[in-house]
Every structure is written in C-alpha cells, then in structure tokens.
Amino acid sequence: MTLQAVLLAAALVAFPFVVHSSFHLNAAILVFLFGAVAQAWNILGGYAGQLSFGHSVFFGIGAYTSSVLLWRYAFTPWGGALAGAFLAATVSLIVGSPTFRLRRHFFALATLALGEIARITFLNWTYVGAAIGLYLPLQYRNIGTYMMWDGKRPYYMVALGLCALAVALAALIDRTRMGPYLRAINADEDAARALGLHVLRYKQWAIATSAALTALAGSVYAQYVLYIDPYNVMTARISLLVVVIALIGGRATVWGPALGAVFIVLLSEYSRTVLGHLGEGYDFIVFGAAIMALSLYEPRGLYGLVRRVRSRPLPQIAGAAQDLIGPPSPVAAEAVLSIEDISKRFGGIAALDRVGLSVRRGEVVCLIGPNGAGKSTLFDCITGFQRPDAGAVRLRDASLTGAPAHRVALLGMVRAFQLVRVFSDLTVWEHMLVAQPHRNESVWAALRRSAPRVEGQGQALLQFVGLLDSRGILADELSYGQQKLLAFAMALMSGAEVILLDEPTAGVSPQMTQQLIGHIREMNRQGRTFVIIEHNMAVVDALAHRVYFMADGHILAEGTPEQIRGDPQVLEAYYGR
Amino acid sequence: MDFVLQAALNGVLLGLVYGLVALGLSLIWGVTDIVNLAHAEYLMLGMYATYWLWALAHIDPLYAIPLVVPAFFLFGYVTYRVLIRRILSAPMVSQIFATFGLLFFLRYSAFAAFGPNVRGIWGSRLEGSVPLGGLVLSLPKGAAALAALCTFAGLWLFLNRTRTGKALQATAQDHRVAQTLGIDTEQMFALSWGIGIGAVGVAAVFLSPFYQTSPAIGDAFLLLAFSSVVLGGFGTVSGALVGGLCIGLVENVLGALIAPTFKLLFVFVVFIAVLLVRPAGLVGK
Amino acid sequence: MRMMNRRQFLKSAGAGLLAAGSLDRLARLASAQQETIPIGVVYPLTGSLARIGASIKNAIELATDIVNTPSDLDLPLARDAGLPRLRGARLRLVWADSKGDPATGRAEAERLIEGERVAAVIGSYQSAVTATASLAAEAKGIPFLNPESSSPRLTDRNFAWFFRTGPHDITFTKLFYDMMDDLKQRGRAISRVAILSEDTEFGATATGVEEGFAQRYGYNVVARELYTSPPASLDAELLRIRRVNPDVVFGQNYLVDAVLIIRSLKEMRWFPPAFVVHDAGWVVPDYLQTVGNDGNYIITRVSWALGMSGRKPLVARVNSLYRQRYGTDMDETNARSFTGLLALATAINQAGSTRAEAIRGALHDLRIPGRQLIMPWAGIEFDAHGQNKHAAGLMAQILNKEYKVVWPFDLAETDLVWPAPAWERR
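Protein chains in written order, with this note's numbering: chain V, 31 to 607; chain L, 12 to 296; chain W, 149 to 574.
Please note: incorrect hints may appear among the correct ones.
[To be verified] Here are a few chain V residues that sit away from chain W, every Cβ distance over 10 Å (derived from the structure): (1) 256; (2) 451; (3) 536.
[What the hints assert, rightly or not] What follows is a set of in silico ranges between Cβ atoms, one per label pair, in the way DEER data are often shown: (4) 235/W x 156/V: 48 to 56 Å; (5) 167/L x 567/V: 47 to 55 Å; (6) 559/W x 268/L: 42 to 50 Å; (7) 268/L x 507/V: 53 to 61 Å; (8) 459/W x 167/V: 23 to 31 Å; (9) 287/L x 493/V: 42 to 50 Å; (10) 368/W x 156/V: 48 to 56 Å; (11) 287/L x 573/W: 51 to 59 Å; (12) 269/L x 582/V: 37 to 45 Å; (13) 368/W x 198/V: 55 to 63 Å; (14) 69/L x 180/V: 52 to 60 Å; (15) 151/V x 305/W: 24 to 32 Å.
Bear in mind the hints are in silico, worked out from the structure with no lab data behind them. From the three backbone atoms N, C-alpha and C, an ideal C-beta is built for every residue, glycine too.
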C-alpha cells in the first residue's frame with residue numbers, strides 16, 4: 031500500500047513534466063481542486079453524515095477572502111488562503127452550531143438555503159465587487175509570491191498538494207478512532223451520545239475542518255481562474271457538484287471523492303470535446319442515469335464497486351488482552367444512584383409521577399412492570415434523553431438532573447437500548463473503539479490511535495462475550511443475540527460504574543440468555559452496578575438483589591424477588607382482579 | 012395603502028401558486044419519506060406538455076387539465092414503480108442520490124428533446140386582469156390560486172372522506188402498522204407518487220398562462236417549493252399551502268416594502284428561523 | 149418547420165455520435181487536400197444561454213461560408229473563394245462550448261489554442277466568459293476577437309491580444325442619455341429614471357454605468373431593482389417601480405425575464421412612458437414570437453437593425469441569405485458576431501500568414517470601411533486598447549413586431565413613440 035502510494039505520488043508529480051498540453055493539465059487541476067473539495071465535504075457529509083448542500087459558502091469565502099485581500103491590499107494569496115480558511119471555519123461554526131440540531135433532511139435543506147442567503151448577500155455587497163465580481167489584478171502575473179502564473183504547472187502542483195492534503199487528512203480520520211466516532215454519529219447520533227461521545231463537538235470539528243479545506247480550494251480556484259463573481263464561486267451549482275462528486279465516488283471513504291472527481295471532471299471535460307459541439311447536454315443525461323444506477327446498485331459509489339472485489343482484513347489490535355477477572359466487590363451500603371420524585375408528562379398523560387428509587391454500589395436492581403408502566407421513560411429521563419418535568423437524579427455526588435446524555439455517560443452511567451442500536455456500517459471492533467471511555471478526551475486526541483491499554487481492554491471484552499473472531503465484520507451482519515452481546519460489551523467498555531440495560535434478554539434465545547446472565551453476574555461480582563428492565567421473571571430471579579415494581583408511572587413496590595412475587599399490588603397489576 | 016394591499020394580494024395569489032407546486036412534494040414526502048429533488052423538473056415537463064398541447068393541437072390550458080393531469084398521475088406512478096420502489100428502504104443518502112440523478116436526467120432529456128428555447132403561451136383564455144377597486148386582480152394567477160384551493164380541498168376530501176384516502180394517511184403515519192392492518196402499502200406509495208405528480212401537473216397547467224418554460228426553469232421553483240413544505244410542516248397537505256402563502260407574502264410584501272433584491276433572502280431567513288425554532292413547521296404537530 | 153429541423157438534426161446528431169471518430173478522420177483527410185485555417189469559436193452552446201449561442205453559431209457559420217465561397221456581396225472577402233492572400237485557404241471553425249461558465253470558457257479556449265492549434269479565437273458573448281477565455285489567449289499569445297461582450301472593463305485591461313469590434317456599455321448607455329437629452333430639447337419632460345436589471349455581471353455593470361451617467365446628465369435615479377434570473381415572479385419589483393412613477397425605465401433582462409416583464413406589466417395594466425433596454429433577451433427572436441404585438445414600444449439599443457436596409461441594401465441581402473438558411477431574421481446580437489468573424493478573416497488575409505504575431509499586426513492596422521459592413525458604423529479600426537473606435541449603436545423601437553431605428557433622429561426610419569400608449573389604447 032505504501033509502495034503503491036509512493037509510486038502514485040511520483041507519477042502525479044512527474045505528470046506535468048511529461049504532458050504539456052494545457053487542456054490535459056487543466057483537467058488535472060480541476061480534478062485535484064474538486065477532489066479536495068469533495069473530500070472536504072466528505073469529512074462532514076460522508077463520515078459525520080451531515081449532508082451539506084451549502085459548501086459553496088465556504089468555497090466562496092475562500093475565493094473572496096484571498097481575492098479581496100489581493101485586490102484591495104496587495105496581500106499575498108498564500109496568506110489570503112489561510113485567512114480565508116480561518117474565516118470559513120469561523121463562519122461554519124457560527125452557522126453550523128445551531129443548524130446541527132436539525133434532523134438530516136432539514137439540515138440539508140437549511141444548508142441549501144444558507145448557500146442562497148450567502149449568494150444574495152455577496153451579490154449586493156459592493157466592498158467585494160457585488161454582482162460585477164472581481165478581476166484579479168494581473169500585474170502580479172508570474173510572481174510566485176502572488177500565486178499567479180501563465181503556465182499551468184505551478185497551479186498543478188498547488189492543486190495536487192491540496193488534494194494530497196485532503197486525502198491524507200481523510201486517511202488519518204479513517205485510520206484513527208476519529209473515523210469510527212464520526213461514522214457512529216452518522217449511523218445513530220443518540221446511541222453515540224449514550225456512550226459519552228460529545229456529538230456536537232465532533233460535528234463542529236468536522237464542519238470547521240471541512241470548511242477550512244474547502245476555502246483553501248476556493249482560494250486556489252480564484253487564483254487559477256482570475257475572475258470571480260457570486261455566480262461562479264458562491265452558487266448552488268458548486269455545492270451540488272461537490273455533493274455529486276463525493277456521492278458518485280463513494281462517501282466515507284479515503285479515495286472515493288478523488289475517484290469521483292476523476293470520473294466526473296474528466297467525463298465532463300472530455301465529453302465536452304466529443305459531444306459539446308452538439309450543444310444538447312447529452313453528457314448530463316448520462317450523468318443522471320449513472321447517478322440513479324449507482325444509487326440503486328452501489329450506494330458506496332465507484333469506490334464501493336472497486337472494494338467489492340477486495341475483502342476486509344481483520345483489524346489489528348495493539349496491546350495485549352487484559353485480565354478481566356478482578357477481585358469480587360461486595361454490595362456497599364451507600365447509594366450510588368438516587369432518583370428523587372421524577373415526574374414527566376406527555377400532553378395530559380403522566381408517564382412518570384414522582385418516581386423515586388435508589389441503587390447501592392455493587393447491586394443488581396431489576397425494574398419490572400407491565401408495558402406502558404414508564405420504565406423506558408424513566409431510563410430516558412435519567413440518562414438525559416428526555417428532560418424530566420420535576421425531580422432530581424444524583425450519581426454519587428454529582429447531580430445529573432437535566433444533564434445532556436453524553437455528560438451522564440461521562441460521569442459513569444451508560445445505557446443499552448431496548449431495541450438494540452448497533453451502528454450500521456461499523457465493524458464490531460469499531461464499536462468497541464467508539465465505546466471507549468471519553469472522559470478528558472479532547473477532539474484532537476481522536477486523531478490518534480487509542481492507547482494500547484484501551485485496545486487491550488476492548489480485546490478482552492470481545493473475548494469475554496465471544497465476539498473476538500467476529501471483530502472484522504459489520505455489526506449489521508451479527509445475529510440479534512450477538513448484537514445484544516455487543517451492546518453489553520460496549521456498555522462495559524465505556525468503563526461506566528452504573529449500567530442500565532433495557533430488556534437485555536428480549537428476543538434472545540434461551541442459550542444466549544443464560545450466557546448473558548452469566549456475563550452480568552461476573553461483571554457485577556467485579557463491582558459494576560446494574561439497573562435492568564426485565565420481563566422474564568426467571569432472569570430477574572437469577573440476577574436481582576432487589577426489584578422495583580412499576581405501573582402507570584408509579585413505583586408500587588420494592589423488595590427482593592421473593593417479596594415482590596408475593597406483593598398483592600403486583601399480583602393485581604399483572605393478573606388483574 | 013393601495014401599494015401594500017396590491018403587494019399583499021400578489022403575495023397571496025403567488026403564495027397559493029407556490030403552495031400548489033409544493034403540494035405534491037409534501038404528499039410524497041409525507042407518505043414515502045422521500046425528498047424528491049426532481050420535483051420541479053416534473054413541473055417543467057408539465058409546462059412543456061401544456062405548451063405543446065397549445066402550440067400543436069390548439070388546446071387552451073384551461074382545457075388541458077383532463078389530458079395533462081391523468082398523464083402526470085401515470086408518470087408519477089411509473090416513476091415510483093421503476094425507481095423509487097427500489098430505494099424506499101435505502102439510507103437517506105441513497106434516496107437523495109437517486110432523485111438527484113433523476114433531476115439531471117429529466118432536465119437534460121428535456122433539453123435534448125425541446126432545445127434551449129423559451130416556450131410561453133400567449134393569448135390563452137386565462138389572461139389579463141380585472142380592476143378591483145384601486146387594485147388589479149390577475150386572472151391567470153387568480154385562476155391558479157383557485158385551482159390551488161380546489162386541489163387542496165379535493166385532496167383533503169379524498170384523504171379524510173374515502174377509504175383509500177384514510178389508508179394513505181395511515182401509511183403516512185406508520186407504514187409497518189398500516190401493513191399489519193391489511194393495507195397494501197406498496198399500492199399506497201405508488202398512489203402517493205401518482206397523486207403528488209398529478210398535483211404538479213395541475214400546477215404546471217395553471218402556471219402556463221403566466222409563466223414560460225425552458226429546461227432549467229425548475230431552478231426558479233425548487234427552493235421555493237421546499238421552503239413552502241418545510242415552513243408549513245412537512246407531510247401535511249395544508250402545511251404546503253400555509254407555507255406557500257407565507258413565502259408569497261414575505262416575498263412580495265417585504266420585497267415591495269424594503270427591497271426586492273433581498274426578497275429571496277427574506278424567504279430563506281424565515282425558512283431557517285422556522286426550522287430552528289419550530290422544526291415541525293407552522294401547522295405541524 | 150422547426151420540428152423538421154429538429155428531427156433532421158437529431159438524425160445527424162445520432163449518426164455523428166456513432167461515427168464521431170471516423171467523421172473526424174474524414175474531415176482531416178478533406179482538409180489535407182485544401183489548406184484550411186482553424187478558427188476557435190467559444191460560445192455558450194448549452195445552459196441557459198444556449199438559445200443565443202445557437203443563433204450566434206448560425207451567423208458565424210454564414211459569415212464563414214461567405215468568406216469560403218465566392219459571391220457578389222459587397223462584404224470583405226466575399227468575392228473570392230477563401231483567403232486570396234493565403235492561396236485561397238478556407239476558414240475552418242472549431243466549435244467549443246463554454247456552457248456559459250467562465251472557467252469552462254477559459255479551458256476550452258486553451259484546448260482550442262493548444263490542441264486544435266487555432267490561428268485565432270472568437271467569442272464569447274457573456275463578458276465574464278470573454279474575460280477568462282481571452283486570458284488564455286493572452287497567455288498563449290494568440291489573437292482573441294470579441295464581437296458582442298459589452299463590459300467596458302474588457303478593453304481596460306490593456307491586453308496585447310484582445311480586440312473588440314462591438315461597442316461597450318459606456319457607448320451604449322450614452323446613447324440612452326443622448327437620446328433623452330434630444331427629446332428634452334424637443335420639449336419632453338424627462339427626469340425620473342428607474343432601473344430593472346438582472347444581477348449578473350452584465351446587468352450589474354450596465355446598472356453601474358447607467359447610474360453614473362444619470363448624475364452626469366442630471367437625471368434622477370428613483371428606483372433600482374436587481375433580481376436573480378430566472379425569477380419566479382417580478383411583481384414586487386414592478387410594483388415598486390410603478391409606485392415611484394418614473395419617466396423612463398431602463399432594463400437589462402434575459403429572455404425569460406423579458407417575457408415575464410411584459411406579462412406582468414400587462415396584468416398590472418400599466419406601462420411606463422418609455423421602457424429602454426440593453427438588447428439581451430429583448431432582441432432574441434423568441435421574445436416577439438412569444439409575446440407578439442404585446443412586445444411593442446420597447447426601445448432597445450442595437451448595433452444593427454433590419455430597418456437599416458432602407459439605407460443599406462447590403463443588410464437586406466445578408467439577412468435574406470440568413471433567412472433562407474435558418475428560417476428567421478438575423479438579430480442585432482448575431483449581426484455583431486457575423487461582423488466580428490468577417491473582421492477577423494480580413495485581418496488574417498491581410499496578414500498573409502497564420503502566424504499569431506502577423507495576425508495581431510494586421511488587426512492593429514485593420515481598416516474596414518463602413519460601407520462594407522452590415523453595421524451602422526463608420527468602419528472598423530482598433531485603438532490602442534483593442535477597442536473598435538467606430539463601434540456605435542442606434543436606438544430602435546419595436547413597432548408592429550419590427551425593430552425600427554428611431555434615433556439618432558437623422559438616421560431614424562420611423563418616428564419614436566414616446567410616451568408609449570397605455571395597454572387599452574393599443
């Protein structure tokens with residue numbers, strides 16, 4: 031792979047010394063520039079799954095910043111490009127942060143609208159040339175410090191460098207835990223949050239990086255074309271082109287966007303010479319059909335077609351598997367989790383009515399009750415997925431009342447969902463990487479590999495639940511029971527002290543259920559505290575130190591499994607009068 | 012005063028037209044959960060259909076309805092069968108991908124077939140205006156607004172007063188549940204595409220007397236249609252109309268009072284504000 | 149008629165697609181037998197301006213045929229076959245599609261210069277595309293001739309290889325105000341100017357020039373409305389313009405916009421006393437084909453009008469040739485393209501060589517007398533910036549679906565109608 035990369039790089043650098051035709055070099059420059067922008071888009075839209083239809087804003091900001099600085103202040107575009115990148119990143123954070131709240135279709139539409147707002151603004155902004163646009167001052171031609179040449183070769187090198195930067199960045203993301211993090215956010219934001227991932231911060235990182243890279247390409251483009259106006263650099267056309275390139279090439283891949291750029295740009299440049307004189311836009315009909323066909327048969331785009339013939343290698347794990355067997359730790363006297371008078375209403379219905387319970391360190395507490403009792407809502411309310419109307423939640427000394435989901439996880443309480451939520455598109459091993467402890471982890475740290483100790487822990491846990499050999503396959507391809515085991519392993523991986531399981535054995539075979547009971551016991555013995563929603567009384571009997579019984583949003587009874595069995599209220603609620 | 016009233020009147024009429032354009036988009040979005048990026052291309056093709064009926068067969072747009080609308084119903088139905096059915100349960104990205112490809116395909120097919128010429132109908136029965144106090148009421152826009160209201164009413168009756176309509180609504184709410192209730196959801200999805208594109212056909216016919224078409228004309232309407240749907244509350248039929256009205260009013264009244272250059276800017280700012288503050292839209296739940 | 153053409157076209161296009169390679173080879177074989185001079189031609193053949201690109205293509209092909217085949221027209225190079233000073237070599241057009249996009253225009257110009265080894269490039273209608281395409285020619289040292297773009301900045305760049313035969317916005321806009329001053333002297337009160345313009349480089353530049361002149365000539369700009377083309381509606385813009393009650397409305401509008409403006413004005417039951425425009429959409433044949441007599445009374449700047457044929461029979465002869473071929477009349481835009489190609493051909497002939505340096509020299513020394521042009525110009529002669537000194541314009545008014553020259557008054561073929569009649573009196 032590295033040899034291939036070196037050869038490819040050497041061939042690309044040598045290309046302009048062999049080929050002198052401006053036409054071919056122009057095509058190559060466009061491939062690199064749009065490859066870079068598409069890869070920049072891919073960081074946000076492919077990996078993190080935030081479909082932006084407004085990247086023209088960042089492209090335009092880059093083009094305008096360096097051009098205006100050159101035009102008005104004779105400031106070198108090399109510096110101007112950096113200024114543009116910085117400005118684009120800043121703007122992206124300002125507009126991105128509120129819009130990230132939007133669900134995906136809406137995010138896409140909001141960015142499309144933002145692009146239009148930017149275009150209209152620039153059209154009317156005389157300082158930057160308004161609708162007339164900017165002719166870059168040509169007296170700087172052929173001065174390297176002004177990034178302006180008559181020949182194509184220097185531009186080729188600059189564009190190649192930019193594209194290489196983008197691809198390298200993508201490769202870095204892909205190979206470190208940033209990749210799994212972003213793709214997990216893409217696959218299931220809530221589940222990622224439940225594991226303690228600060229989703230907003232990663233999205234912000236992705237959009238700022240993406241915007242900065244896009245702006246760099248915009249600056250180079252302006253220097254290359256030497257004329258910009260809102261119709262050329264700040265138009266939805268650019269945004270859409272970039273999306274098409276990334277999608278056709280293959281989103282969330284290292285080489286996909288570059289491949290897409292090669293395909294689209296070359297097809298469009300060369301088809302123009304073959305078909306262009308017919309003047310009927312046949313190339314676009316072909317594009318349209320190709321895009322539709324790819325969407326039907328290979329959503330991963332061209333890169334997916336390439337990768338079909340190659341199998342995935344097993345992920346390499348750094349660090350030795352760690353010994354999981356620790357000393358047994360008895361149930362302590364003090365409460366680790368206490369819930370006081372939590373209430374939650376939906377419309378006129380009280381889902382939770384002053385619910386209180388407490389869990390001691392080292393306990394396994396089961397929560398039982400008929401469907402609709404409010405058990406899952408209670409989990410939602412104490413893990414930050416819903417905001418309780420009243421009441422308080424404390425984990426050890428920390429107040430969790432109204433805390434966002436990722437903070438709850440960081441403080442040491444994670445949950446597994448009722449219907450298993452694995453991240454589609456992530457391998458089993460990548461799930462463990464996403465689930466690693468996130469406390470004190472800065473966003474930039476995610477661009478490194480995990481510590482060997484952490485990877486060793488993951489390996490041990492996979493071994494523990496019997497999934498180590500499956501670590502290279504997509505979690506989607508596991509059986510339902512295996513997915514539940516994976517979810518359980520992830521909860522353990524997070525290092526949380528308190529683990530909430532929502533019906534862990536529902537829909538699981540009896541054998542697997544026994545396995546799971548064994549795992550929970552073992553982990554409890556080592557000091558983990560569990561709160562489990564469960565319907566299967568056999569499981570409750572096997573696991574629970576104490577049981578809470580809930581119905582209609584109230585806690586009706588509390589005690590050992592035997593006590594609960596005999597409680598008249600429980601009998602009434604389950605068997606009726 | 013007349014100035015503001017006239018701007019408001021224009022806004023209401025155009026707003027209803029935008030609503031009519033957005034109606035099908037909203038219905039399809041609501042039922043099949045697919046954002047059809049090629050929506051405005053159907054509008055463009057519908058306007059071509061109306062134009063050719065007028066130019067070649069001398070059929071006035073007023074009488075083109077019984078020809079164009081069933082044809083577009085079929086068109087939508089076929090689109091569903093051929094393309095959309097296969098991406099229904101695909102990830103959102105694939106869906107966006109597919110309708111995006113459809114956009115290119117339809118637009119440039121029209122370009123290849125009809126050339127770049129601008130085609131407009133002049134002198135149809137629906138032309139001119141009538142004075143209304145100090146204001147003027149545009150006849151074609153009035154007719155289009157009326158058509159929007161009728162289409163809306165018809166659709167509302169269909170959705171709420173017929174078995175099929177109710178089945179369609181059930182499918183929109185949760186197609187899995189609908190399936191267990193014995194509803195042929197596959198048929199419902201296809202139907203929503205038929206009705207949705209048919210509604211675009213109505214919009215196209217009524218736009219034709221006062222607007223001209225060319226292969227790229229979809230650009231003028233696509234974002235407005237999306238904004239209408241999202242503003243009103245996606246998935247609800249009344250939402251499209253309310254959203255369209257808002258956009259028409261914002262565009263025309265604010266545009267006329269402040270500066271028309273910024274009229275679309277106002278629209279998009281309102282659009283984003285509503286998205287952030289009230290993601291369910293103005294009439295959504 | 150149009151359908152026939154289309155079908156024929158599609159047929160030939162299909163065949164062309166199948167046999168693109170072999171046809172190309174055939175063409176080269178043919179060209180080897182007789183020397184040809186390749187001329188690069190860059191215009192928007194697809195995209196929203198494709199309609200205009202197509203009509204320009206017609207005119208340029210007609211001009212090329214006039215050069216290549218002998219005829220008795222009193223046009224430069226018409227009487228001989230090919231270029232006499234180059235042993236009868238013929239011009240060969242190499243077409244390229246700019247798609248209306250500046251970056252594409254430049255790439256195509258480069259491809260033509262290097263790949264096709266064209267002797268010169270002609271193009272590219274839109275000022276923004278001309279700006280970048282001519283940059284390619286400048287860098288490579290190949291003459292670039294521009295017949296139609298009107299942005300004054302193009303010739304302000306002082307390029308060594310750039311030449312423009314047509315007038316630019318300052319010349320054109322000056323016509324507006326000179327005409328209005330003339331009218332004022334005849335006792336018409338004109339002071340309030342409104343501007344309705346699309347917002348790309350073309351519209352915005354012209355708007356700027358109009359505002360600048362308004363100050364100098366002592367007029368008052370009371371409204372200035374820019375919109376993005378194609379607009380979904382222009383009601384708000386027109387309402388604002390009507391409210392300020394202007395004496396004249398200036399317009400820079402593309403075809404779709406032009407048709408929409410007429411529709412909306414008719415619906416509003418209002419028409420300004422005068423609607424004065426910079427050609428663009430208003431002179432594309434589709435405009436009058438669509439709106440018919442409702443399109444009357446628009447006053448447009450032109451550098452050509454069929455009505456000139458009264459004083460210049462040449463105009464009618466060329467137009468009838470054009471009409472025979474394409475079924476429509478020439479328009480004022482492609483008449484400029486036609487003239488541009490003839491000017492370029494003349495220069496190449498006078499250079500007696502296809503060397504770029506020689507052609508540039510010939511362009512600088514070029515003198516074509518006005519009588520050999522179908523334009524109302526005193527001739528073609530470039531100044532140091534590469535701008536044709538004699539490029540001028542006329543004002544024409546659409547009357548009864550024809551573009552009639554109405555100003556300067558001494559050249560007018562009919563009387564200017566100002567103010568335009570209200571809709572109900574038409």
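Now the hints, each set against the structure:
no.: 1; hint: 256; result: violated, 6 Å
no.: 2; hint: 451; result: holds, 43 Å
no.: 3; hint: 536; result: holds, 53 Å
no.: 4; hint: 235/W x 156/V: 48 to 56 Å; result: holds, 55 Å
no.: 5; hint: 167/L x 567/V: 47 to 55 Å; result: holds, 50 Å
no.: 6; hint: 559/W x 268/L: 42 to 50 Å; result: holds, 44 Å
no.: 7; hint: 268/L x 507/V: 53 to 61 Å; result: holds, 60 Å
no.: 8; hint: 459/W x 167/V: 23 to 31 Å; result: violated, 45 Å
no.: 9; hint: 287/L x 493/V: 42 to 50 Å; result: holds, 46 Å
no.: 10; hint: 368/W x 156/V: 48 to 56 Å; result: violated, 21 Å
no.: 11; hint: 287/L x 573/W: 51 to 59 Å; result: holds, 53 Å
no.: 12; hint: 269/L x 582/V: 37 to 45 Å; result: violated, 55 Å
no.: 13; hint: 368/W x 198/V: 55 to 63 Å; result: holds, 60 Å
no.: 14; hint: 69/L x 180/V: 52 to 60 Å; result: holds, 59 Å
no.: 15; hint: 151/V x 305/W: 24 to 32 Å; result: holds, 28 Å
Checked against the numbered hints above, the structure violates hints 1, 8, 10, 12; every other hint is satisfied.
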